[in-house]
Structures are given as C-alpha cells and as structure tokens.
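Produce the entire structure from the sequences given, and follow the hints as far as they go.
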Amino acid sequence: MSQALTLSRALLLTACAACSLSALGGPAALHTLDPQWQQQQQQRTSQQIMQHSQPPAFDLQAPAQRGNASLEPMYSAQAGSWPFEPFVHNGLFRAIAGYQAQHPRAVVIRGGSVSLTQLHAQLNDPQVLRKHEDGYLLSYPLMIAEDAALLVDDQVLYLFGPSGTALINQGLLQVKGSRLESWSDGRALATDRPTRPFIMNWAGSRLKVADSHLVKIGYNANFSRGISSGISAQQSATRPAARILIDNSRFDSMASALELRHSEALIRNNQFSHLQQYGIDLGNSRFLITDNRIDDVKHNSGIRIGGSSSGRIQNNLILHTGKSAIEVSEQSGALLIENNRLGASRGYGLMLRQINGGAGLLIENNLIANSRLSAIDAGGLSGALIIDNRIQSTPEYAISLRNEQLTAGQLVITGNTLESIGKAMIRVEGMQNTVLGSNQYRANPLLQNLLIGDLLPLQSQILDNTVRRNCHLQISQPLTGTTGSADAPTCTN
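Under mature numbering (1 follows the signal peptide of the UniProt record, and there is no 0), the residues of the sequence shown are numbered -25 to -1, 1 to 468, in order.
Hint data in this document are derived by calculation from the structure and do not stem from the laboratory.
Being a predicted model, the structure only gives us computed values, none of them experimental.
C-beta: ideal position from N, C-alpha, C; glycine also.
Do not rely on the hints blindly, as some may be mistaken.
Taking lysine-lysine pairs in the BS3-like style, the calculated list, with each CA pair at most 30 angstroms apart, reads [what the hints assert, rightly or not]: (1) Lys273 <-> Lys106; (2) Lys106 <-> Lys298; (3) Lys273 <-> Lys298; (4) Lys151 <-> Lys106; (5) Lys191 <-> Lys298; (6) Lys191 <-> Lys106; (7) Lys398 <-> Lys298; (8) Lys191 <-> Lys151; (9) Lys191 <-> Lys273.
DEER-style ranges, computed between Cβ atoms [said to hold, decoys possible]: (10) Leu35 <-> Val63: 26 to 32 angstroms; (11) Arg41 <-> His78: 26 to 32 angstroms; (12) Asp271 <-> Arg41: 40 to 46 angstroms.
Here is the structure:
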C-alpha cells in the first residue's frame, strides 16, 4: 500500500548526500525560502498570468437586412479565387465538375442574412439544395460573403460528399439548435482519396455553433479537417482574427473537430468524441476552452496549442487520447491550465515542448491519472508554475523536465500530491532555478528515488528542507546573472 513520505523515510535517503555534483556542471546554490513569502510570490505571478490570459469577448450579430443568394463561377487559379484554396487539395474541383457537368459554380450569399428555408426558396433548384429526409441536402459549395450571413436555426443540413460540398465563410455562419452531417448516396468519389464536406472560416469571419450536433464533417487535409479557420496569404496581415463561438454542442466522428488559426475562440460546454487527429487544435489564437469533454482521439492529442497563443484551458475532462491529453508546443503567450481532469492518455498527460515562458505558464489544480507515459513531460521550457496538482498512476515520471542546455528561468513545483509513480517522482535537468516545497510524495518501494536528474545529488538536502522542515527550497544552477533570491526571507523552521 502506498504511504506518505515520513521523516524516517527522508533520513534513509541521506546516503545520497555523498553523490557527486559533477552532473550539475558545478556547485548548485541552495536557498531556503519562507513558505508564506514564496506563496505570495506565486500568487503575484499567477495573477499576472490570469491577467495576460484573459479570454476574448465579442457579440456575434447577424445583419438585419435580407440577403440574396446566387450561383457564381468558381476558379482554382485566378485573382479573387483564394477563398476556395482548400478545394485545390485532392481534386475537389474535379469532384465538383463531375457532379455539376459544367464549369464549377458555388452558391454565394451577399448583402445580408439568409435562413436555410429562405435559401431553399431563393435557389429553387433541387440540384443545388433540396429537401432530404428530416432536413435539407446541399450539393454545391457555398460561400458567405463578408457582408452576409447564413442562419441554420433548428434545422438539419446534410452536406453531399461526392459533389465537393463545403461551407466557406467570410461573413457570419450561425448554426443554432441544428445538426450538420455529411451524406453520400454511395457513388464513387472523383478525388485522389476519400474526402468529406468541411467548414472553413477565413480571417475576419464570424462563426457561432450553439446547441448543435456536427457529425462526420471534414477529412485529413489542410483547412479541411472539420471546422477550420485561418488567414490567407492573399489577405492583409492586419485582417482581424476569425471570431469563433462554440457552445453546448457535440462533435462526432471527425478528423479534427476544431482546427483554428488566427482566431479568437470561446469553446464552452461541448462534447468531442471519436476523432482521428485532434479534438481542439489552436495556433496563433486567443482563446477560452472550458467545461468540455473530449473522449477517444485516435492518433494525436485532445487539445493542442501552438504559435503566438494565449488563453485558458479550464475544467475540461479529457480521456483516451492517442498522444497526450494536452499538448503545448512551440508556443509563446500567457497560458493557464487549471482544474482539468486528464486520464488514460496513451502518451503523456500534459506534454510541453519549446515554450517561451516569458508571458507565463501556470499549471494548477489538475488531476492527471493513468497516462501511459509521464504525467507532465517538458522539454525546451524556460519556466512554469506547477502548483497543487494531483498526479497518480503513471509508469514513468510524475513531472519530468529535460532541457538540452542550462536555461535561464524558474520552475516552481509546490503543493502537488504525487502517488503511484513507476519511476522517480520529479526529474529536472537544465533549469537555472527550481523551487520545491509542500509536495506530498506517496512513494511505493522504500528506496525509490523521489528526485533525479540535476536534483539527485541534492536529494537528501531537498527532502530534509522541504519535508522535515516544511520549508520551500530554491536550487540555483551556475549561470551568468542573478538567481533572484537575494532578498527572499529565509525559512527558519
């Protein structure tokens, strides 16, 4: 039975005091920190991260006037054809031409808002849009112009796959209380590989999906994996980000449910299941991801964040992912990962790679359990606060950081409960400053190393100060510059 580390357990490890310090490249400096003072520092940093990770706020309103729909020609390579960039992949223009038996045309909505019922009446062409089963079947590509909106409210919209159907949004697309689903009559596809209808939102557009169900949308190609957003090379670099609101909806059997670039995104209270690539994949975006359930991602991670992104990942349940529950890679910007439950990932619980922590990374109050690899695995990290998490039942490490070279910054690991860990509890390599304290090590074998990497030669001192004396301890590796602890009050416990 696992048991909390006791004073006698700590004293048994004093043999490690004789270990060589050569692994550190030089003598490390140890500074005992008053726990109350250290907690105040952590709180101040946490508040700064909260401030810099503020989610976006916006109100998506449809134009009041009635819009008009018409059929307009599509071109794969001509000035003004860039909104149809995703169609160039995998021969979609060939699929469109095969169904339309003419030069490809798309439905274009301009000048205001159109409901699905109004669109059906305006087009009056069953080859384009007709009633089907319990809703409508769209068989042409559809583009929403910048001054227009398509309102799919309390409807079922089927998107016909073999004809190259997709929704291209430059204005507003609203899906409320509805179901969107790809559909095929079984005919052979005129494409290089299997494709499915998708939804693309270009920079400056607005998307609202609320109380809805999306099924079998998208396939594994750029800007086509499900619901996507991005900025085209043909758009101005100053073009506003796409504004995305996804609320209280379900996403089933998609390549990636959301693949958002250059966006402001609010993703709340949704369910994502049976996905191939990612549940939520964000880059260069400002976001809030909260109160979602992501279950069964076959190949990759439940949530991936990258690029110049900032935001909050809060109160989510993420289970059964092929890679990691949450993956953050090549990212800069303030990031809060808080109150999530991450379980049964076939990779890491939380994977961190090449993160510029200048704006702050806070990982707090998460439960990470039953990951096949380490619970938290980091590399190329310049700093983070890992506070008050519960980590249990992993065959590797609870927390592992390996920087290839000594990196300026501070890693704070305090208040965590670590239990049923197969290897060492904490591994740290290549971090200038590491602060430890108030962690509960619920070890299995009596002589299991709790700390390894740069911390192994100092294990007895660290445990004596942080477990027996209840102090916090800063371990500083030799690096040009100050350690930042000169004015810190010393722990007198």
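A quick look at each hint next to the structure:
1. Lys273 <-> Lys106: violated (34 angstroms)
2. Lys106 <-> Lys298: Distance ~41 angstroms between lysine 106 and lysine 298 Cα, so the pair is violated.
3. Lys273 <-> Lys298: holds (8 angstroms)
4. Lys151 <-> Lys106: holds (19 angstroms)
5. Lys191 <-> Lys298: holds (22 angstroms)
6. Lys191 <-> Lys106: Roughly 20 angstroms separates the two Cα atoms, so the pair holds.
7. Lys398 <-> Lys298: Given pair lysine 398, lysine 298 holds - Cα atoms ~20 angstroms apart, limit 30 angstroms.
8. Lys191 <-> Lys151: holds (18 angstroms)
9. Lys191 <-> Lys273: Holds - the C-alpha atoms of lysine 273 and lysine 191 are around 15 angstroms apart, at most 30 angstroms.
10. Leu35 <-> Val63: 26 to 32 angstroms: Given range 26 to 32 angstroms: holds, Cβ gap about 29 angstroms.
11. Arg41 <-> His78: 26 to 32 angstroms: holds (29 angstroms)
12. Asp271 <-> Arg41: 40 to 46 angstroms: holds (42 angstroms)
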